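Taking the hints into account, I'd like the entire structure generated from these sequences.
Taken in sequence, the protein lines are chains W and U. Note that numbering that gives the first Met the number 0 has the first sequence beginning at 0, numbered continuously upward. Note that numbering that gives the first Met the number 0 has the second sequence beginning at 0, numbered continuously upward.
For the record, the hints were derived by calculation from the structure and aren't laboratory data. In this text the structure is predicted, and so the values were computed from the model without any measurement. Be aware that one or more of the hints could be misleading.
Identical copies carry no separate label here, and so any pair may be met within one copy or between two of them.
[Unchecked claim] For lysine to aspartate or glutamate, the following DMTMM-like pairs were computed, each having C-alpha atoms within a straight-line distance of at most 25 Å: (1) Lys14 - Asp63; (2) Lys2 - Glu58; (3) Lys2 - Glu23; (4) Lys2 - Glu81; (5) Lys119 - Glu1; (6) Lys88 - Glu1; (7) Lys2 - Glu116; (8) Lys70 - Glu89; (9) Lys70 - Glu109; (10) Lys88 - Glu72; (11) Lys2 - Asp63; (12) Lys8 - Asp54; (13) Lys2 - Glu37; (14) Lys83 - Glu1; (15) Lys70 - Glu116; (16) Lys8 - Glu107; (17) Lys70 - Glu37; (18) Lys83 - Glu116; (19) Lys19 - Glu109.
There are 2 protein chains.
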Amino acid sequence: MEKVILSSKLSSFSKHWVPKIVGELNGQYVKVAKLQGEYVWHQHAQEDELFLVLDGAMELHLRDRVVQLRKGELFIVPRGVEHKPVAHKEVAVLLFEPATTRNTGNIENELTIEAGELEKI
Amino acid sequence: MEKVILSSKLSSFSKHWVPKIVGELNGQYVKVAKLQGEYVWHQHAQEDELFLVLDGAMELHLRDRVVQLRKGELFIVPRGVEHKPVAHKEVAVLLFEPATTRNTGNIENELTIEAGELEKI
Chain W
0 MEKVILSSKL SSFSKHWVPK IVGELNGQYV KVAKLQGEYV WHQHAQEDEL
50 FLVLDGAMEL HLRDRVVQLR KGELFIVPRG VEHKPVAHKE VAVLLFEPAT
100 TRNTGNIENE LTIEAGELEK I
Chain U
0 MEKVILSSKL SSFSKHWVPK IVGELNGQYV KVAKLQGEYV WHQHAQEDEL
50 FLVLDGAMEL HLRDRVVQLR KGELFIVPRG VEHKPVAHKE VAVLLFEPAT
100 TRNTGNIENE LTIEAGELEK I
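Right, here's the structure in full:
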């Protein structure tokens, strides 16, 4: 029951594509992450995923279009929808998603972190 | 599947203490609200509630302390914990909570809006 200062959480790490848990409620995690570069196409079969840009800008590539997201803009990727985050420069995001969500969804590769292995900061 | 520009949503209404639904995922609603003044003490028996300040500052009064929240800071009120939001000046917040959450929790008064009656914007 402590408040979370998002800027402090973000300044505590630098690695890209590694979400950090900053809160939990109703079986959902609140995470922050820094993204830069191009991620992998993936989808989450059972979980909707929210991206809220805290600083910078990013693209969410969907199979039929590209969604441009800037600071203060959010997008909910419905379960089962393939997506690929792309950030040409570093972007800081807040994620809301079920505690069970694996970062790379249906894909397993060097970026994969199992849900239970995410760090709480 | 459209992005949500939080500033646009916020500029579309002015009434205080009336949350508006801007997104839904995993049985949870994402809402925005403008608060000013002093709310009622209440609690949500089954639902944890997240407050994220988007603009301005507010206080979350708990029975044993007052949490000061500024822009970019969030607080999760666990289920069953009495709280009273207070905003000396207008504040804009993002709320994340189950779709079933009633705004005044266990209290029914003139501020109460049943979960099913909330407007989607």
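Open item on the list: If the cut is 25 Å between Cα atoms, do Lys88 and Glu1 qualify within a copy, between copies, both or neither?
Closed with: between (31 Å within a copy, 23 Å between copies)
- [ ] Indicate which option fits the pair Lys70, Glu37 if close means a Cα-Cα distance not exceeding 25 Å: within, between, both or neither.
- [x] Answer is within: at 19 Å inside a copy they meet the 25 Å cutoff, but 30 Å across does not.
TODO: Up to 25 Å between alpha-carbons, please classify Lys8 paired with Asp54: within, between, both or neither.
DONE: both (13 Å within a copy, 19 Å between copies)
TODO: Give the relationship of Lys70 and Glu116 under a CA distance limit of 25 Å: within one copy only, between copies only, both, or neither.
DONE: neither (28 Å within a copy, 30 Å between copies)
Open item on the list: As a check of your reading, is Lys83 near Glu116 (CA-CA no more than 25 Å) within one copy, between copies, both or neither?
Closed with: within (22 Å within a copy, 35 Å between copies)
Task: Copy assignment of Lys2 with Glu116, given that the CA separation must stay at most 25 Å - done: This pair counts as within: shortest intra-copy Cα distance 23 Å, inter-copy 30 Å.
TODO: Could you figure out if Lys2 and Glu58 sit no more than 25 Å apart (CA to CA) within one copy, between two copies, both or neither?
DONE: between (29 Å within a copy, 11 Å between copies)
Open item on the list: With identical chains, the pair Lys2 and Asp63 could be close in the same copy or across copies; at 25 Å between alpha carbons, which is it: within, between, both, or neither?
Closed with: Answer is between; shortest inter-copy Cα gap is 15 Å, intra-copy 39 Å.
TODO: Pop the pair Lys2 and Glu81 into one bin, within, between, both or neither, using alpha-carbon distances up to 25 Å.
DONE: between (34 Å within a copy, 16 Å between copies)
Open item on the list: Please sort Lys8 with Glu107 into within, between, both or neither, judging by C-alpha distance up to 25 Å.
Closed with: neither (27 Å within a copy, 37 Å between copies)
TODO: Could you place Lys83 and Glu1 in one of the four classes (within, between, both, neither) given a Cα distance threshold of 25 Å?
DONE: Between copies only: 16 Å across chains, 33 Å inside a chain, cut-off 25 Å.
Open item on the list: If the cut is 25 Å between Cα atoms, do Lys70 and Glu89 qualify within a copy, between copies, both or neither?
Closed with: Answer is both: 12 Å inside a copy and 21 Å across each meet the 25 Å cutoff.
Checked against the numbered hints listed earlier, the structure breaks hints 1, 9, 15, 16; every other hint is satisfied.
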